Amino acid sequence: MADITARMADLKARIDELASLAASEHRERARSLAGSLAEELERLGEEPPAAPRSAVPPPRAPRDEVERCPVCSLRSYRFQRGTIRESEYGGFEAFYRCGSCAHEGWQALA
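Residue numbers (numbering that gives the first Met the number 0): 0 to 109.
Possibly wrong hints are sitting among the right ones.
Derived DMTMM-like pairs (lysine to aspartate or glutamate); straight-line CA-CA distance at most 25 angstroms [what the hints assert, rightly or not]: (1) Lys11 with Glu24; (2) Lys11 with Glu39; (3) Lys11 with Glu45; (4) Lys11 with Glu38; (5) Lys11 with Glu41; (6) Lys11 with Glu27.
If you're looking for bench data, these hints aren't it; they were derived computationally from the structure.
These numbers were taken from a predicted model, which means no experiment stands behind them.
Let the hints inform the model, and build the full structure from the sequences given.
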């Protein structure tokens, strides 16, 4: 959330800069528009983001928490606890890290 706050502050500053650069014949309309956009940004920053909830509860940790690493092929690719998330393509995936070659990545849960 702190990152989005900083990004919104930067966006608001750029809107103010745009309003100050407007030509003299459109200056009042540009300032009005910049003001309304800045107010809308402030309202968005105050609202908590609505996180979509999945109807299906996340699965438990994989039965076998150690697998063969796709890079070094040693059996040291370990599931990192607390890293299960919903996949963009449906289902769930977990984060794994290799203890031998330090390769890390997300892997679909079966």
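Hint by hint, here is what the structure shows:
1. For the suggested pair Lys11 and Glu24, the alpha carbons sit about 23 angstroms apart, so the restraint of at most 25 angstroms is met.
2. For the hint linking Lys11 to Glu39, the alpha-carbon distance of about 10 angstroms falls within 25 angstroms, and the restraint holds.
3. Between Lys11 and Glu45, the direct Cα distance comes to roughly 14 angstroms. Compliance with the 25 angstroms bound is thereby established for this hinted pair.
4. Straight-line distance between C-alpha atoms of Lys11 and Glu38 comes to about 9 angstroms, which keeps the hinted pair within the 25 angstroms bound.
5. For a cut-off of 25 angstroms, the pair hint linking Lys11 to Glu41 stands: about 9 angstroms separates their Cα positions.
6. Taking the CA atoms of Lys11 and Glu27, the gap is about 18 angstroms. The hint holds against a cut of 25 angstroms.
Consistency note: the structure conflicts with none of the earlier hints.
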